[in-house]
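Protein chains in written order, with my numbering: chain A, 1 to 303; chain B, 304 to 606; chain C, 607 to 909; chain D, 910 to 1212.
Incorrect hints may have been included.
As the list claims (entries may be wrong) - Pulled a few chain B residues facing chain D out of the computed Cβ check, cut under 7 Å:
| # | residue |
| --- | --- |
| 1 | TYR363 |
| 2 | ILE371 |
| 3 | SER456 |
| 4 | ASN459 |
| 5 | ALA539 |
Please keep in mind that the hints were generated in silico from the structure rather than gathered at the bench. Glycine is no exception: its CB is placed at the ideal position from the N, C-alpha and C atoms.
4 protein chains.
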Amino acid sequence: MHGYNSVVTYRVGIINVTGYAGMESARLLWNHPAARIVAATGRSLAGKRLGDAFPHLASYDLEITPEIDADVDVVFSALPTAESAAACEPFIRSDRKIAGASLVATPGCYPATSILALAPAVDAGIVGDMAIVDAKSGISGAGRGTGGGFGYSEVNEDVSAYKIANHNHQPEITQELSALREGPRLRVTFVPHLVPMTRGIHSTCYMPLARQVSQSEVDAIYADFYRQSPFTRVTAVPPHTKHTLGNNMCLVYPKVDERNGMLVAVGVLDNLVKGAAGQAIENMNLMLGIDQKAGLDFPALYP
Amino acid sequence: MHGYNSVVTYRVGIINVTGYAGMESARLLWNHPAARIVAATGRSLAGKRLGDAFPHLASYDLEITPEIDADVDVVFSALPTAESAAACEPFIRSDRKIAGASLVATPGCYPATSILALAPAVDAGIVGDMAIVDAKSGISGAGRGTGGGFGYSEVNEDVSAYKIANHNHQPEITQELSALREGPRLRVTFVPHLVPMTRGIHSTCYMPLARQVSQSEVDAIYADFYRQSPFTRVTAVPPHTKHTLGNNMCLVYPKVDERNGMLVAVGVLDNLVKGAAGQAIENMNLMLGIDQKAGLDFPALYP
Amino acid sequence: MHGYNSVVTYRVGIINVTGYAGMESARLLWNHPAARIVAATGRSLAGKRLGDAFPHLASYDLEITPEIDADVDVVFSALPTAESAAACEPFIRSDRKIAGASLVATPGCYPATSILALAPAVDAGIVGDMAIVDAKSGISGAGRGTGGGFGYSEVNEDVSAYKIANHNHQPEITQELSALREGPRLRVTFVPHLVPMTRGIHSTCYMPLARQVSQSEVDAIYADFYRQSPFTRVTAVPPHTKHTLGNNMCLVYPKVDERNGMLVAVGVLDNLVKGAAGQAIENMNLMLGIDQKAGLDFPALYP
Amino acid sequence: MHGYNSVVTYRVGIINVTGYAGMESARLLWNHPAARIVAATGRSLAGKRLGDAFPHLASYDLEITPEIDADVDVVFSALPTAESAAACEPFIRSDRKIAGASLVATPGCYPATSILALAPAVDAGIVGDMAIVDAKSGISGAGRGTGGGFGYSEVNEDVSAYKIANHNHQPEITQELSALREGPRLRVTFVPHLVPMTRGIHSTCYMPLARQVSQSEVDAIYADFYRQSPFTRVTAVPPHTKHTLGNNMCLVYPKVDERNGMLVAVGVLDNLVKGAAGQAIENMNLMLGIDQKAGLDFPALYP
């Protein structure tokens, strides 16, 4: 925002505004200086006013429709991966006004967190081939449509692991980290956990060091890697997920366990913003050639 | 925001930025189109960078000082009532640039909620002299400096009442509601409760009806009363505190219990925004003659 | 427990052990000195081991069955009211070993809390005809089978009212309180709320006083009324729901608002114990003529 | 309980009943068939009735004293480690009635969880020298006396790591696991986290396998190791902390990540019971030669 005044307003459509990521796009775009939502779809609630379905979006004068029925410049698809591909196809084929890349898939919330935490170390070649990613996620990561299993009474006051070493985000983490350097693919053991909070991911990542490295050397590597990144900040102390609640920041913290020759790297973010809708808007900004921070420059909600 | 571009930027000082209401002012003012924080005080953390003390405010390039040491147009005081009066005195006496009222005290979060819930009914003369206000507050209402008694392990999974019929907000509620009509002062029984959440107040207010009134008549009275209010909305179903999380809205819902001749009126808001910092900014906007919604027009964080 | 050693062990069947009240019966009966569960039914999970379905009950060597297929002395039915009546019929008709009342319906969790809070005052004739019951309930009160609407992400950090002046527990409260005295039926306005915790009910009850009464007089009335009650305790300060977490206590606190001639009476309990399974076991003890406290005499879980 | 009737009742003193571990001892001992609390100390609250200080312990007819002033057979010391040693000295020197070991220090809650999760694998020699222990703890682990930093508003909806690779429990974990086998000491990287719940620890432990091992082989190793353990159960699916809420169970789950040659072992327990007071009572039972399960055999509180 701050000083940014767009002369153009892009027309945006949201596919599946009734899921958490879709409705979060709507929340964020309300204050975007260069984009305006003109259509929003959602099967189960089609025909309802957006503000009746979701009272926090009552400012929108918009009806949920089964399909995108307006002329749009940009489409956000918040469907599951496979369905999303099908839903986006017609828009990719039509003559789009925006230049450059016309389709961007944002990484999942788990990969985003762990890749941002480990990338500087992998890129600098200071770590070996093995990585352990122990991730703790808030419950909204499971989505809005999920039935039994995420009821308040059973999720509250509980921590549990799931899909141990068997989660579909593991290959994505492995691929992206491995692409940062030459040599064999990394061996990544990924274990996600559910913790009793609504938003937030905390990934604690472990990689044995490839050589002796001091804390100050690692600090310099991380600071340098993220110097130009408006939405990733390296912290001096272990970060809290709550310091990113509702905004687009990722906080990263590297720590050398000298006794054991181990790098511990923490990454935290809000799974619905930097892990989903915010990152998608950031990508839209880049694709449209406007300020990367447009609509995304605001503090987290704290406490 | 939306279309509002200020030609002037007012210089703001915050007294006690280290309390929850003070830091919330800083969060909200980051995106205000016509105001900029130039000084922020806080005794215990004076000398620290604002972003080191409170990482969600890391975007600010500001140091916490013991006193306001810059030239300011507006001062927000987030101290307790008595201390606040003393702290504001020097600024009231000096030659201020802003016209009209030079000092505004915003009501407490409990009075704001219950007054907004009951005002239309009292103003319309449809209720009697007696009111019961049963308020449920999130824990942040107790403030940041509070010691034992609000530790997570004991507050979590707990509801309790406190200061039953003995809270210092009771006279404020009584005075403001009584001022809305002629006749004797109201008799208000006020019971606050703590519930395990960080933000939010839910006031359930009960007043015996003075005459037979239908639900549709009450609906019309409420709709009419708040027709011009950008930050109070009458809802068609009982509102949730979470639908106001982090923004400046108050949601109000009136319900006639016909069998017992009782009006039940619910009001919900975020105690740190509409109940404190947001309302103060709204008042600043009015005092400065700028758009009442400037800097405050954004959706709640949901879920 | 303490000193109680039964010479007989009654055989117990639980109908619908898969609901929260049913499984809570199983939790509590594990340590009952005179009762042993020999059958437990549940449609959706019939055929499963009890401990596989609910790991906290792994000590039981029991399979969930579609119907009660063992010889039983006592049956707990944890079905919804209407279904429960049908399910219990065969057991009432058969020749039961237990004397006296052969069927006891325990009151719902909301009525239990508010009746216990107000009964001494109504019984003593110190209050008028009007009552307001503002109840705050943990989410487990909604039951285990409930679908959408009680998902963690949306219930967490939220308070809301529901079924305002329209809840099916209102007539039960009215009936039981009215039966405590002569004169017209009470007019009870009942408003339940959901608060973000798993267990616990906090009922704040308001009744205008019929005459001037001092706090010490009310204290004496309440102390006297509950002198013989092992599971209701009058407290000297407002009670916390957490002080009853997991056990069979109801804590009651009366407070006179002298300025307004109003009695405020608070009652708190665990909705799944004193509000459901614990109370049922207490009734079983009384029906069987054994120690009323058998199996129910243990402290709450705190913190 | 169940069938256990002690002919002797041991007299117990609790040092520091006002801390969470101390008050949890009192909660658990209420139903112990062979022990009775006769004295309980606590500096800050000396002179108060136990039930006035902690309403969930209102059943006790006991006053908190500055020192243990009664004749006792057993003493539980719930002070911090260093203070505890000094406080226990007089009791070790006096002529005690109990045979065998007269002083037992129970491990901390973090070591208990991770040692129980990894011991079978280390003992069987199927893992290498390196271990990563990623532990998630509820807030009560920080103790009752802790000041700022654990206030509800800031801990709620937050996850954070602390003392990364620098926690005082790391050496204890290393020592106990290394003692299970010959060869060099293990290299253990230990990272504790705080998650927003009151009770519970979830330790996710990672050790590279020393040789190829199948899941069924690991399952057999774990089942065999804990065959005789009444309070450790190996589960078939990842366990939830909530399945141990308030009781003395530790649930353990081993999983082979075959692709990466990694063992992932999860351990969960209630930090105030199996991680503190319950384990101490279990040790008392063993020292006194009575049933190991006496007073500790009851289901967890769920949900």
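Hint check results:
Against a cut-off of 7 Å between C-beta atoms, the interface hint on TYR363 of chain B is violated, since the closest Cβ of chain D lies about 19 Å away. The beta carbon of ILE371 of chain B is not positioned within 7 Å of any beta carbon in chain D (closest approach about 26 Å), and the interface hint is therefore violated. Among the interface hints, the one on SER456 of chain B holds; its C-beta lies about 4 Å from the nearest C-beta in chain D, closer than the 7 Å criterion. The closest approach between the C-beta of ASN459 of chain B and any C-beta of chain D is roughly 5 Å, which is under the 7 Å cut-off, so the hint is satisfied.
At a threshold of 7 Å, the smallest CB-CB gap from ALA539 of chain B to chain D is about 29 Å, leaving the interface hint violated.
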